[in-house]
Amino acid sequence: MWNYRSETTDPPFALTVSALAARKDRYFRSLLEEDSQAGVKSGQRGHFGLVLAVDRAGQGESLVAAGADIVVKSLGDLALAPIN
1399 MWNYRSETTD PPFALTVSAL AARKDRYFRS LLEEDSQAGV KSGQRGHFGL VLAVDRAGQG
1459 ESLVAAGADI VVKSLGDLAL APIN
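To convert, note that position 29 of the sequence shown is 1427 in my numbering; the numbers rise steadily by one, no gaps.
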């Protein structure tokens, strides 16, 4: 699994796209996890299948406004099941 963490609030979207292309993934079938408004906007612009935002700074409403499909306080809040 490829994971990249940006130290800035402006994530390098081209790097994300390049990594997915290298893995031959289709964006519409990919989940993007982000904790910044800029990252969420990038995910929406990239037509990711699901943009999951982690509200680490009490900015949940602004993450939704930026285009997050789901906002959680922690990744531990998720209950995932296999997709058939």
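None of these hints come from the bench; they were simulated from the model. A couple of the hints might just be wrong.
Here are the computed distance ranges between Cβ atoms for each label pair [said to hold, decoys possible]:
#	residue 1	residue 2	range
1	Pro1480	Ala1436	30 to 36 Å
2	Arg1427	Ala1455	15 to 21 Å
3	Leu1478	Arg1454	15 to 21 Å
None of these values were measured; they are calculated from a predicted model. Glycine is no exception: its CB is placed at the ideal position from the N, C-alpha and C atoms.
Arginine 1454 and leucine 1478 - C-beta distance against the hinted 15 to 21 Å
Given range 15 to 21 Å: holds, Cβ gap about 20 Å.
Against the range 15 to 21 Å, how does the distance between the Cβ atoms of arginine 1427 and alanine 1455 compare: consistent or not?
This hint is violated: roughly 29 Å between Cβ atoms.
Between the beta carbons of proline 1480 and alanine 1436, is the distance compatible with 30 to 36 Å?
holds (32 Å)
Of the hints listed earlier, the one the structure fails to meet is number 2.
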